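*Asks:* Each chain is listed here by its residues.
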Amino acid sequence: MEPIIQFAPYTGWVYPNETVFEWSVLIAVYPYLTGLVAGAFTVSSLYQVFGFQRLKPVAHMALLTSLSFMIFVPTPLLLHLGHPERAFNSTITPHLTSAMAMFGFFASFYVALLILEGWFAYRPFIVEQAQKRTDLLGRFYRLLTLGSYDVSEHAMRYDRKWIFALAVIGIPAAHGLHGYVGFMYGSLKSREWWSSDLMPVIFLFSAIISGVSLLAVLYVATCKMRKVPVDLGCLKGLAYTIWAFIMVALVLEGLEFANIVYKGREGVDMIMQYVTGPLLIPYFILQFAVGAITPFLWLSYMIWRGTTGKALVIGVTVCACLVLFSVFMMRWNVVIGGQEISKTGKGLLSYHLPLFGKEGALVAILLTMAPLGLLYVLTRLFPPWSDAATHAHS
Amino acid sequence: MPKHIVRLITLLVTLLAVAAIAKPFLTVDSFYRFGHYRADSVTEIADKELVYQTPRYCHGCHTERRAQWSAGSHKTVICEVCHGPAQGHPQNGKLAIPTDTVKLCTLCHEAMPGRPATQPQIQVAQHSGGQQCNVCHNPHSPKISTAAAKVTGNAAAGKDSAAACSGCHGADGNSPNDTWPNLAGQNAAYLARILAAYKSGDQNDAAMTPLAQALSDTEIQNLAAYYAGLNCKASTGGKPVGDAAAGEALAANCVACHGPAGRGSNPAWPKLAAQKPGYLVNVLKAFKAGLRKDPMMAGAAKSLSDTDIANLAAYYAAQSCQSTK
Amino acid sequence: MKKEDSAPTLAARRAFLAKLGGAATCAGAALGAATLGVVPRAAAKPEVTPDAASFPTKDYDWTKHQWGFGVDATKCIGCLRCVEACKRENDVPANAHQFRTWVERYVHVEGDAQVHIDSQQDPVNIEASGSEKTFRFANRYKDAKVDKAFFVPKLCNHCTHPACVQVCPTGATYRTKDGVVLIDETYCIGCRYCVQACPYGARYFNEEKGVADKCTWCYHRITKGLQPACVEVCPVGARMFGDQNDKQSRISLFIRNSRVQVLRPESGNAPNVFYVGIDKEVN
Numbered sequence: 102m103e104p105i106i107q108f109a110p111y112t113g114w115v116y117p118n119e120t121v122f123e124w125s126v127l128i129a130v131y132p133y134l135t136g137l138v139a140g141a142f143t144v145s146s147l148y149q150v151f152g153f154q155r156l157k158p159v160a161h162m163a164l165l166t167s168l169s170f171m172i173f174v175p176t177p178l179l180l181h182l183g184h185p186e187r188a189f190n191s192t193i194t195p196h197l198t199s200a201m202a203m204f205g206f207f208a209s210f211y212v213a214l215l216i217l218e219g220w221f222a223y224r225p226f227i228v229e230q231a232q233k234r235t236d237l238l239g240r241f242y243r244l245l246t247l248g249s250y251d252v253s254e255h256a257m258r259y260d261r262k263w264i265f266a267l268a269v270i271g272i273p274a275a276h277g278l279h280g281y282v283g284f285m286y287g288s289l290k291s292r293e294w295w296s297s298d299l300m301p302v303i304f305l306f307s308a309i310i311s312g313v314s315l316l317a318v319l320y321v322a323t324c325k326m327r328k329v330p331v332d333l334g335c336l337k338g339l340a341y342t343i344w345a346f347i348m349v350a351l352v353l354e355g356l357e358f359a360n361i362v363y364k365g366r367e368g369v370d371m372i373m374q375y376v377t378g379p380l381l382i383p384y385f386i387l388q389f390a391v392g393a394i395t396p397f398l399w400l401s402y403m404i405w406r407g408t409t410g411k412a413l414v415i416g417v418t419v420c421a422c423l424v425l426f427s428v429f430m431m432r433w434n435v436v437i438g439g440q441e442i443s444k445t446g447k448g449l450l451s452y453h454l455p456l457f458g459k460e461g462a463l464v465a466i467l468l469t470m471a472p473l474g475l476l477y478v479l480t481r482l483f484p485p486w487s488d489a490a491t492h493a494h495s
Numbered sequence: 009m010p011k012h013i014v015r016l017i018t019l020l021v022t023l024l025a026v027a028a029i030a031k032p033f034l035t036v037d038s039f040y041r042f043g044h045y046r047a048d049s050v051t052e053i054a055d056k057e058l059v060y061q062t063p064r065y066c067h068g069c070h071t072e073r074r075a076q077w078s079a080g081s082h083k084t085v086i087c088e089v090c091h092g093p094a095q096g097h098p099q100n101g102k103l104a105i106p107t108d109t110v111k112l113c114t115l116c117h118e119a120m121p122g123r124p125a126t127q128p129q130i131q132v133a134q135h136s137g138g139q140q141c142n143v144c145h146n147p148h149s150p151k152i153s154t155a156a157a158k159v160t161g162n163a164a165a166g167k168d169s170a171a172a173c174s175g176c177h178g179a180d181g182n183s184p185n186d187t188w189p190n191l192a193g194q195n196a197a198y199l200a201r202i203l204a205a206y207k208s209g210d211q212n213d214a215a216m217t218p219l220a221q222a223l224s225d226t227e228i229q230n231l232a233a234y235y236a237g238l239n240c241k242a243s244t245g246g247k248p249v250g251d252a253a254a255g256e257a258l259a260a261n262c263v264a265c266h267g268p269a270g271r272g273s274n275p276a277w278p279k280l281a282a283q284k285p286g287y288l289v290n291v292l293k294a295f296k297a298g299l300r301k302d303p304m305m306a307g308a309a310k311s312l313s314d315t316d317i318a319n320l321a322a323y324y325a326a327q328s329c330q331s332t333k
Numbered sequence: 008m009k010k011e012d013s014a015p016t017l018a019a020r021r022a023f024l025a026k027l028g029g030a031a032t033c034a035g036a037a038l039g040a041a042t043l044g045v046v047p048r049a050a051a052k053p054e055v056t057p058d059a060a061s062f063p064t065k066d067y068d069w070t071k072h073q074w075g076f077g078v079d080a081t082k083c084i085g086c087l088r089c090v091e092a093c094k095r096e097n098d099v100p101a102n103a104h105q106f107r108t109w110v111e112r113y114v115h116v117e118g119d120a121q122v123h124i125d126s127q128q129d130p131v132n133i134e135a136s137g138s139e140k141t142f143r144f145a146n147r148y149k150d151a152k153v154d155k156a157f158f159v160p161k162l163c164n165h166c167t168h169p170a171c172v173q174v175c176p177t178g179a180t181y182r183t184k185d186g187v188v189l190i191d192e193t194y195c196i197g198c199r200y201c202v203q204a205c206p207y208g209a210r211y212f213n214e215e216k217g218v219a220d221k222c223t224w225c226y227h228r229i230t231k232g233l234q235p236a237c238v239e240v241c242p243v244g245a246r247m248f249g250d251q252n253d254k255q256s257r258i259s260l261f262i263r264n265s266r267v268q269v270l271r272p273e274s275g276n277a278p279n280v281f282y283v284g285i286d287k288e289v290n
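Chains as they are written, first to last, in my numbering: chain D, 102 to 495; chain F, 9 to 333; chain R, 8 to 290.
Chain D extracted, bound-state conformation:
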């Protein structure tokens, strides 16, 4: 069968091999997912490590969210690979000079860490369920207990130490998992739009705001679904976190762009033409104005006026949604945008996002939504609500 290759239209001068976009929307979805993973884990760590007590209501949800999204993280990559069945080549014989080879190890380590931390956090619940249930699920919980029903104070002390250690190790692990992606782009000398020392940090900070925003939206949504009142202190804590990290993200992204313009290296003409042309709406309007500046101003206003109650809930939820959108646009603008500027520095290509197909819009949306389905299942198996089942911390 004739393979279907999409050839991109272009203007100006591009290398003959550039008319095929190698990294599609799936490669923009992938850092979006790992960013949500890292960001959600940051919320959990803010509680576990830094003692932000007000975030307790979302702490366990954050772990489950991180895990749900982490399970789906390899899927856009596997769909994109030319030979997904050989994917383990990079784990069996990892080329240590390659940032991408680190993926297998970061991912495995982080998944293990998440599972472990969740296990420790939910141990009392698991033990209780193992003892109480007699159905198939009971078998599942009994398996998870590893044969030990010890929830004495002595055991719990060990558990708390492990949770703390895992939470501490988890911060660099989660950020390494997401940061190496930024490093992959930032370290490439072939594209002026990508090549930047700030790239990993930009990815990380925008990851944090996306993860925290996701938690905010999920928290409000689950409260509404469970018909319980939203803990405004917790929501405010999330809002403050988003607000603070948006500032850092904005500064970093602004700096990166300013550097390109100010240094004015070869190829900057094409970048300026691109940014003021095809990228004007996705970059300045959607990513910055709508997705970052607007929520920043709105949050600032709410913080300044001490907004509370329903107005706060609505405000934070809308801001969180805008931030989620903005961070996706950032991934899009980096991944797709970078490839739309030719390596020659003298031409522009345009990416066409197909609706169907292995690397189309529908698949991208599905992969982003599917973790929510898994999250639903996990919240059934391991209820994270602080007002319900018992946890390692009371």
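Quick caveat, the hints were computed from the structure, so don't treat them as lab data. Keep in mind that the hints are not guaranteed to be accurate.
Just the calculated beta-carbon pair ranges, DEER-fashion [said to hold, decoys possible]: (1) G275/R with P128/F: 38 to 48 Å; (2) K231/R with Q221/F: 54 to 64 Å; (3) G275/R with I105/F: 46 to 56 Å; (4) N290/R with L381/D: 20 to 30 Å; (5) P272/R with M470/D: 40 to 50 Å; (6) I466/D with E139/R: 27 to 37 Å; (7) G461/D with I105/F: 41 to 51 Å; (8) L299/D with E139/R: 40 to 50 Å; (9) I466/D with P272/R: 36 to 46 Å; (10) I466/D with I105/F: 39 to 49 Å; (11) L381/D with D154/R: 31 to 41 Å; (12) G275/R with L245/D: 45 to 55 Å.
Within a straight-line C-alpha distance of at most 16 Å, the following computed EDC-like cross-link-like pairs (lysine to aspartate or glutamate) qualify [to be verified]: (13) K65/R with D48/F; (14) K11/F with E293/D; (15) K155/R with D119/R; (16) K140/R with D98/R; (17) K447/D with D370/D; (18) K447/D with E367/D; (19) K207/F with D225/F; (20) K364/D with E293/D; (21) K111/F with E273/R; (22) K447/D with E288/R; (23) K157/D with D332/D; (24) K216/R with E123/D; (25) K65/R with D55/F; (26) K65/R with D180/F; (27) K447/D with D125/R; (28) K155/R with E288/R; (29) K184/R with D48/F; (30) K241/F with D180/F; (31) K364/D with D298/D; (32) K447/D with D129/R; (33) K231/R with D66/R; (34) K231/R with D225/F; (35) K56/F with D66/R; (36) K233/D with D251/D; (37) K301/F with D210/F; (38) K231/R with D55/F; (39) K290/D with E367/D; (40) K287/R with E367/D.
This one's a predicted model, so the numbers in the text were calculated from it and none came from an experiment. All C-beta atoms in this analysis are idealised placements derived from N, C-alpha and C, irrespective of residue type, glycine included.
Assemble chains F and R onto chain D, guided by the hints.
*Replies:* Quick look at chains F and R alone, frame taken from chain D:
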């Protein structure tokens, strides 16, 4: 340590140990032998089959072509450029012989900005009137020898020798008869060349051969110089042998060598303007039949019908031979 | 930060972390040794065994050569025979979007500030050739006032410090001992990181095979004493190839007797294709 911690640690360590032990079993053969890659792949790539075989392969059988080619100006163009790769030849049959030579040859020889001046280039529209390139050019030795040797003869001495020629060719070099050609104003280099050809036997004519054989090389030079300096005259009267207008259309194909309206371009080739029509008809027919030998003219005449020949002759006969120079 | 009363003391926490850190380091070291130390030693065979005497083929020893490529862009006539020959020799996908080698045309038209650059894959040129499988430059500047024009052939530079090899996660692409960068098409997973990393646009993704692909300097030909196909078919000698170890080879003489340049030297990749006659806009 609590039981569950011990079991957990045991589980983790076991998993790590299994991974570490499994790695060499899972690693493919020959990996790490010379570096971080599968050494066998180097051999696999090196063992791939050749598609292009290089001229040495062709020369094994095609010796005559080789002789032509290696002595000609296309010796830097390998056979497979025009005929395609020789993999599987002759087992899989013949290689393609290009038919659309205009399309093929202009790939390299179309005049195009950016091509260095050392590359022979032509303005396609004005070169051959759309004829195929191999009508005039031998693709295996394409350069048309434009060796227009300088004629160093003495015109005055030539005049003395020319007395013997005036019977057929006219006292002033303008022939009285439709069959014998005008010589006045003809290119000296051409005249020298054709006389030498009659003398050596490269060309054969019942009348000219014995006459030329009696001439010395110096006399040939002198005669050429003499006739070249004479004034040509327009051809007079006579019934038209063909349709000059139709002939003009055909003559577009002849411009590259014989000049516009047959007034000449390269001195090695004859001017045709105001030449005797009867002579032109005979000569073209002789080229077509192979009686008069010239590979280019043979190609050019091959596609001409008798009517075409008559029309061409009529056209050229009607042209003015006074050069606009 | 408010801590719970039953929480361990700071000192106890530190002690635990220290123990954990020690355990992690030991485990990591053990794992590292297992994967990195043991395996290469076990897998590496000493090279004195009889079948390893000549590698990669019995008639060719890769330790005896260092290949290099030269391009004299002043000679190139833009006939594109090299592009077609390469496609046939190496089974490159027959389309106008994936090339192992190509030719660029640079034209300065009087009055235009920007130079006009195109290559054989430009739609105007494809129209002139009539097909995506054969190539020809359309004579589009025939009637323009051209100040300056020239052709530049390009191909993989087989760099000494290739960015593409550095970023490959599996080790599917590598540099051989005789200086050629190759791709193992049975090991490549098709992530296209290398395609992104190459500053010269020399690589492409072969959809049919699902792997990355690029010019190999016709490794299967040069190991048999022949020239790469593009060098073989060039009618004007714009391309040349040879052994940099041999001081009298065509490439060594070319480098020694001309002022040669490489493309994008600032990339740090140290390319091994040496150009004479390229201009300020060529990058």
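*Asks:* Any of the earlier hints contradicted here, and which numbers?
*Replies:* 10, 14, 21, 26 and 34
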